[in-house]
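First to last, the protein sequences are chains S and C. Using the numbering used here, you'd call the opening residue of the first sequence number 1 and step up by one each time. Using the numbering used here, you'd call the opening residue of the second sequence number 396 and step up by one each time.
These are calculated hints, taken from the structure and not from any lab test. Please read these numbers as outputs of a predicted model, since none were measured by experiment. Treat the hints with care, as some may be off.
Said to hold, decoys possible - In the DSS-like style, the derived pairs of lysine-lysine whose C-alpha atoms are separated by at most 30 Å in a straight line are:
#	chain 1	residue 1	chain 2	residue 2
1	S	K216	S	K25
2	C	K450	S	K386
3	C	K450	S	K25
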Amino acid sequence: MSVTSPEPRTGYGRLMTGVLRGTLKLDVLVNRIYPSDFNPLYYTGGLANLFLFVLVLSGIFLFFYYEASLGGAFASVQYLTERVPYGGIVRGIHRYAADGFIIAVLLHLLRNWFTDRYLFSRDNPWISGMFLLVFGGVIGFTGYQLVWDDRAQALTAMFLAMLRVLPGGEPLARVFVGGAGISDGTLVRILFLHIGPASALYVLLWWHYTRLRHPKIWPPAVWVLFCVGVVFLLAGVIPALSGRPAAPAAQPTAFPLDVFFLWPFWLMNWLGAPGVVVLLGLLTVAGFAIPYLGRRERPQEMDVRHAGVAQVIDGNCTGCELCYFDCPYNAIVMVPSPAPGLSRAAANRTLLAVVVESRCVECGICIGACPFEALELPKFLERDVKTRVLEAVRA
Amino acid sequence: MRNAYSVGLVLLIGLSLLFAAGIVAGEATDRWFFGGALVGALLIAYSIIVLLLRKMGLIGPRKAER
Numbered sequence: 001m002s003v004t005s006p007e008p009r010t011g012y013g014r015l016m017t018g019v020l021r022g023t024l025k026l027d028v029l030v031n032r033i034y035p036s037d038f039n040p041l042y043y044t045g046g047l048a049n050l051f052l053f054v055l056v057l058s059g060i061f062l063f064f065y066y067e068a069s070l071g072g073a074f075a076s077v078q079y080l081t082e083r084v085p086y087g088g089i090v091r092g093i094h095r096y097a098a099d100g101f102i103i104a105v106l107l108h109l110l111r112n113w114f115t116d117r118y119l120f121s122r123d124n125p126w127i128s129g130m131f132l133l134v135f136g137g138v139i140g141f142t143g144y145q146l147v148w149d150d151r152a153q154a155l156t157a158m159f160l161a162m163l164r165v166l167p168g169g170e171p172l173a174r175v176f177v178g179g180a181g182i183s184d185g186t187l188v189r190i191l192f193l194h195i196g197p198a199s200a201l202y203v204l205l206w207w208h209y210t211r212l213r214h215p216k217i218w219p220p221a222v223w224v225l226f227c228v229g230v231v232f233l234l235a236g237v238i239p240a241l242s243g244r245p246a247a248p249a250a251q252p253t254a255f256p257l258d259v260f261f262l263w264p265f266w267l268m269n270w271l272g273a274p275g276v277v278v279l280l281g282l283l284t285v286a287g288f289a290i291p292y293l294g295r296r297e298r299p300q301e302m303d304v305r306h307a308g309v310a311q312v313i314d315g316n317c318t319g320c321e322l323c324y325f326d327c328p329y330n331a332i333v334m335v336p337s338p339a340p341g342l343s344r345a346a347a348n349r350t351l352l353a354v355v356v357e358s359r360c361v362e363c364g365i366c367i368g369a370c371p372f373e374a375l376e377l378p379k380f381l382e383r384d385v386k387t388r389v390l391e392a393v394r395a
Numbered sequence: 396m397r398n399a400y401s402v403g404l405v406l407l408i409g410l411s412l413l414f415a416a417g418i419v420a421g422e423a424t425d426r427w428f429f430g431g432a433l434v435g436a437l438l439i440a441y442s443i444i445v446l447l448l449r450k451m452g453l454i455g456p457r458k459a460e461r
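With the rest of the complex left out, here is chain S (with noise of 0.2 Å):
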């Protein structure tokens, strides 16, 4: 058996590596300027969680002022903007706290691909994690539709033309607008197409954190004050405005662009709409396939993780519930003993640990935590490992 995993041999197993020094690189430089626990790259998670609260708190007051018609949703928009106190301030922070989310949430794929940690038992997460950007993407380029301006127009328009596109996409693009053309059914629609999917986010993120025992859920205070103040700042220096209102005979050509959640549309100037149609579909089954595609180690490269399901030796097992707080899949619970242990340390014990197979992903970290030698990784004893150390401390 190595220790060591073998060079990468691919040019994507070398671009890997490389981007993950650079990543380490650059948590050791911001570790200069922030305490450790300060550091925003391990919060990204956490800072997408943070961008998401204030989206459903921003949003449940715009709700209170939104008439989803033709007629009345600019109308409302607008009423709110201008006429509210502080409603221009709340859609800024809408608008601005999405931008947020996405940035958060596109650095933290990018730190879990980067130092893969989306392989193996990880895949969970990641694909839980590429759902919520899916249904970001979604949720963000519907608000813009809410708005109802001549943007909105042409994002409709153009949204349509890409359904089109599909297989059986006529039948889709009428489902979409609610008829044969754009009416009021049409907004209600993309409101519920806003809404809906923005609260499907609770249940993915209930997915995504279901396999992790301490996922970092919230950032630190001081980046909790941050965020928030740059989205107000924003909010109040950049108000997030209309156009103008959207009217059935004019065919805007050009508008604003969110880099963030409007690029397709963006890329359409090119592409056109079967283009960017496959684009997003080849990127998003790209993502998804991505913890199952050019693994830089193969199973048989990585012994240590052959070492069979983690055994508890039960007369050793003092029930102190290291291994159950340690372990970061969920793969140890703890159950009433039913004797006592055979060791001094373990005589008195109430609970006994016990491995959960389908969740162990014999990593090892139980037998670290396990002050008792009550955790062994069979094909990998404790004492091959410090045997190993030793030869690799001597070497």
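Assemble chain C onto chain S, guided by the hints.
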């Protein structure tokens, strides 16, 4: 370095007072965007104050990391 942090803290506290006064002024004159922007500026100033306090060792680290 501690002296520099202390000077920074005093400056930020002064700025925060200014921002707070601006928020009141914005509210009094119905300039909502002005007031909202200053709420943001105040929060950012607070965040930097928290960072400086941490760097000075007056707050944190969290119990688990001591």
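Status of each hint after checking the structure:
| no. | hint | verdict |
| --- | --- | --- |
| 1 | S:K216 / S:K25 | 22 Å, holds |
| 2 | C:K450 / S:K386 | 39 Å, violated |
| 3 | C:K450 / S:K25 | 22 Å, holds |
In summary, the one numbered hint that this structure violates is 2.
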